[in-house]
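**Q** As a plain string of letters, each chain reads:
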Amino acid sequence: MTLLEAILLTVMTASTPLLIAAIGELVAERAGVLNLGVEGMMIMGAAAGIAVAITTGSSAAGVAAAILAGMALAAVFALLVLGLATNQVAAGLALAIFGLGLSGVLGAPFVGVPRAGIGKIEVPFLSDIPFLGAVLFRQDPFVYASFALVIGVAWFLGRTRAGLVLRACGENAAAAHALGYKVLRIRFLALLFGGGCAGLAGAYLSLVLTPFWTSGMTSGRGWIALAIVVFASWMPWRAVAGAYLFGGVTILQLHAQSAGVPVPPQAMAALPYLITILALVLIMRARSGGSTAPAGLGRPFVPDR
Amino acid sequence: MTITRRHIGLGAAGLAGAAALPGTAEAQAPLNVGFILIGPVGDFGWSTMHDVGRRRMLEVLGNRVTATQVESVAPPDFDRVANQLARTGSRLIFTTSFSYFQPTVRVAPTLPNVMFENATGTSTLPNLSIYNARFYEGRYIQGVIAARKSRSKTIGYIASFPIPEVIHAINTVMRGAWSVDPQMRIRVVWVSAWFNPAREADAARALIDQGCDVVCQHTDSPAPLQLANERGVFGFGQASDMTRFAPRAHLTSSVNNWGDYYAERARAMLEGTWRPGDVWGGLNSGMFRLAPFTNMTPEETAEAERIRDAISSGRLHPFDGPIVRQDGTEVIPAGQRLTDDQIRAQNYFYRGIDVAMP
Chain A
9 MTLLEAILLT VMTASTPLLI AAIGELVAER AGVLNLGVEG MMIMGAAAGI AVAITTGSSA
69 AGVAAAILAG MALAAVFALL VLGLATNQVA AGLALAIFGL GLSGVLGAPF VGVPRAGIGK
129 IEVPFLSDIP FLGAVLFRQD PFVYASFALV IGVAWFLGRT RAGLVLRACG ENAAAAHALG
189 YKVLRIRFLA LLFGGGCAGL AGAYLSLVLT PFWTSGMTSG RGWIALAIVV FASWMPWRAV
249 AGAYLFGGVT ILQLHAQSAG VPVPPQAMAA LPYLITILAL VLIMRARSGG STAPAGLGRP
309 FVPDR
Chain B
1183 MTITRRHIGL GAAGLAGAAA LPGTAEAQAP LNVGFILIGP VGDFGWSTMH DVGRRRMLEV
1243 LGNRVTATQV ESVAPPDFDR VANQLARTGS RLIFTTSFSY FQPTVRVAPT LPNVMFENAT
1303 GTSTLPNLSI YNARFYEGRY IQGVIAARKS RSKTIGYIAS FPIPEVIHAI NTVMRGAWSV
1363 DPQMRIRVVW VSAWFNPARE ADAARALIDQ GCDVVCQHTD SPAPLQLANE RGVFGFGQAS
1423 DMTRFAPRAH LTSSVNNWGD YYAERARAML EGTWRPGDVW GGLNSGMFRL APFTNMTPEE
1483 TAEAERIRDA ISSGRLHPFD GPIVRQDGTE VIPAGQRLTD DQIRAQNYFY RGIDVAMP
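Quick mapping for you: the protein sequence lines, in order, are chains A and B. The first sequence begins at 9 in our numbering and counts up by one. The second sequence begins at 1183 in our numbering and counts up by one.
Nothing false has been slipped in among the hints.
One-sided excerpt, in silico: chain B residues whose CB lies under 8 Å from chain A:
# : residue
1 : Pro1222
2 : Asp1225
3 : Phe1226
4 : Arg1369
5 : Val1537
When the alpha-carbon atoms are kept at most 25 Å apart in a straight line, the in silico DMTMM-like pairs for lysine to aspartate or glutamate are as follows:
#  : chain 1 : residue 1 : chain 2 : residue 2
6  : A       : Lys128    : A       : Asp148
7  : B       : Lys1331   : B       : Asp1423
8  : B       : Lys1331   : B       : Glu1482
9  : B       : Lys1335   : A       : Glu13
10 : B       : Lys1331   : B       : Glu1481
11 : A       : Lys128    : B       : Glu1412
Listing some non-contacts, in silico: residues in chain A with all C-beta distances to chain B over 10 Å:
#  : residue
12 : Thr64
13 : Asn95
14 : Pro138
15 : Arg167
16 : Thr168
17 : Leu187
18 : Ile291
19 : Ala294
20 : Arg307
Worth flagging that the hints you see were computed from the coordinates, not collected in a lab. Every residue, glycine too, gets a C-beta built ideally from N, C-alpha and C.
For reference, chain B alone in the conformation it holds in the complex (with noise of 0.2 Å):
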């Protein structure tokens, strides 16, 4: 017999349909597990720590689960890979980007029999989980450090698109940098884009001319950090640990984890205990975590060290009031604290900072 596209259609449907009644499915067919990323798997930063979370899930479930994998989908084509995943048989989709938030949200309710998790979204539905790390908390430490390691007090900051998630982590990086020295000034570069080598370099070199001394970044590929050790000043890793990018520029990198969640979430799926679920992790939750320090004295580790530690035991708090925005309203004052919500929806910069808000 020939085998054609329409045969496999049909196969696919019906595995789908076999796996979407309750009960018989979970002997026999495997979990098939969808991944949307923003961009390749091989950009050593973002999306390569998706894949490695999704081989750890692999490894943890072993044969009880399988795994497709669409990388650089551009927004745009996300609601036909999602309608492919789904037809083939893809019963838990992770759609890896703040980019596809919208897209999840507009797809999710046509597929109701898919679960699906978006990763830094902000609101969940039936079918829809969102999942998220708190890496405004590394965001905090390398303010410290700029601070320390600065001598122009400037701090150079490439960023992808003005979403609340890049502009609270400006706001700490501010606010970490200030418990120093409160004369650190940020430049902001935007490149709108989440990775273009190339670009996210020369927004560094613009940056590194016009006086910043320490680079942070919120784009994936290590080509900013690769510009900080060429030029001489320093710079932070993004997503995965790039020390080997920038052996003397580089001060620490955060390190994301999503491997475990991924394992639980679709184990979860297996056991029939799936919820939609809205987690954001913080250094101690393991889903993240700041990669060792280099290109420090041993007194500017010591007090990386202990920040880190307060953050992560909860006694240091990068978001308590007072908090007064650029334009000097006050969010709230001092002995408050940023609710989860108010920090997702951080659309303004802090007094002080004095980049305009695009």
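Only chain A is shown next, with the shape it has when bound in the complex (with noise of 0.2 Å):
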């Protein structure tokens, strides 16, 4: 394997939990609502993947079990949003300390227990093309099913008619609403769908990147995710350049200090964060016309009776 095949398989790892979160942030702010509690969601499905995973000695259950975790907390998040028609960035805060907390509790038994990782999926014949086999198709089953995640996102939001009336609910939610489409259905299966991505991605976390627990494991991941989502102005296939840019940066800044090249470390850490809001700029001044955020982002919606 060359030193490229080897830089792009850890980018690709190290930019797959950024890519789930961020496409399933980006269909519940589509819907119109805003979530910052990611980073718990995220956190609280590494904590259950790991858990369940060394209770019953299977990874599905473990992947499943963290899916679950990030839906339940984010069901717990709807209930406030849309049930109780709360601030979404105050709860959205509050569910990322909740859950950073929580799992820090559930999590505490298996501190220090050690696990094999999930391995790599090889896929017959287009595996053994050379170069680009080895970086797509030589990997883990999280890296493929971040691009069905795009894929199917993307189809969905741009294709079809559900895909129509969710994005109608986050531009305006009283003309959706009028039309007769339940408009906090439509949302909380949105946040559904955004807690479950995030669990997957903490699951990644847990269960394959570093195959082991301990609290604050995240590191500030979810944040990121968040950003991504403003970064690809709410488009699937933006996302997997958001992610891929500050994944990449990340990686190459490591190999770059491995190699000796003599910029400062901190520089180098920064570097991910400014390349990111320097790509930003760029793309938001080529674009005319205003922003592309839902309009009904982060509006509570209560429908009249």
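Two chains, each in its own frame: build the complex with the hints.
**A** Laid out in structure tokens, this is it:
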């Protein structure tokens, strides 16, 4: 395996959790709900995933538990912001802190229990393609899942009637409601999807990337996923670009350091953020017209009866 | 009566006031000891071992002490947490990271009735002690073992921040390695975090992909060691015995033990004999030890044990001269030895390390 292949492989594994969490949050935000609790749902997924995987001995059960844990936390959030129409920013921040704390309690018995990670799946024939095969088709299941998710979400939002209705709820909830759509139910489902994705991203951390549990192990990746949604201007394909740009620069700076490139490590550590901001500015300059945020993003909707 | 925060505050203030009166408090109120941790208790490394130390202190001193611990405190939040601990009655506060040293120096004079102890700081105050272990002694042994184990002659070093503690650790790994083979080289990646498992693992991937086959880490999670195991290279555990994370890769870990020190200092508070101090305990102090050597041949183990014992008894010193900086200027000639202050102030790499100083 060449060094370039090795770097690309690492970039993909570093970017995948960001992409999975971002794509879930993107759907929730397109439905008009801003859920800042991604970090909390993600780490709950990481904790539940490894806890169940260790207890049952099954990685698949762990992944399922992670998705359910993310969804459960999202359901709590939905109860607050949809059921009680509370402030989404405040509830989201509370959710992030709550998830971090609860995951520490849940994971406490599993601190320091080592476990083999989920292995890679080689796609027959395709993985033999020189270079591309090794990078694209010798990956763990989560990487494939992340691409399936992006394709699925892009198709759903852009090409289906249900996707159109979901976007309508995010743009103008009152209008969608007037047309007879159940805005709150649709937003609830979108939130559940976002929570499930965040949980899945957490499972990737605790079951594949660093297969063990320590509290706080997401180390802020949930916040980055939120930023990627904005970077992507709420479009699924751009989320891929955002996640891979961020993951790519993160890994490249580590390689540059290892190769002895004489740049201060503090500047290197800031590089992924700087480049992301720079790219965002350039995208914004190139685009004509205003922001592409869903018009109803963050606004509570209370249906009149 | 309803208990409100105000009442609790009054009660705590009363307790603190009573405790501040010499001679009256000892019989009734137990000493409350505060702990501020940089990472989560469950990091299985640095912060875990401070928590183990706290529990050891409680075990030794029984009901004469209580403890309040706040984990994962980011340096910007330090002042608030320290003040909160002081307000709620902590009279001795351990601030367990070098990242807290400057904040502790800033806060300590404003709370003259509270005694502070900072792990790995570099100066004292009338109410501030510093304590640390000579982890570099273990690093020297890591260097020796790494040189025996490496076939590519390249050590990968995952470093947190470019502070003297980390810099002199890199220097001692190289000294140890050169004592076996002067061809040994090192690559360094700074991850700008003490605890970020996935990034630590990514750094290990980068180093291994570039040919390093022994990984040293100066970060707190077992992720790099676990990755070394997955990739079939060797590594060392940090702060606690990490053998189980890497049964095929683990060589040794440096295992911290703060409990006896914590108990001793809390006892000094109880007896009124606490004085600001500067403790830097080596292998012979029990402040840290090396976990059993694994994945090594009997000869390699024997050599490592011999060097460990020589350092422990003072026959071998990792900072004997001559010491020459990367840029060629001499620090000390042959026959001299760096003083503790010189070790602590180390902000240069040795000649031969071809990594740029950040």
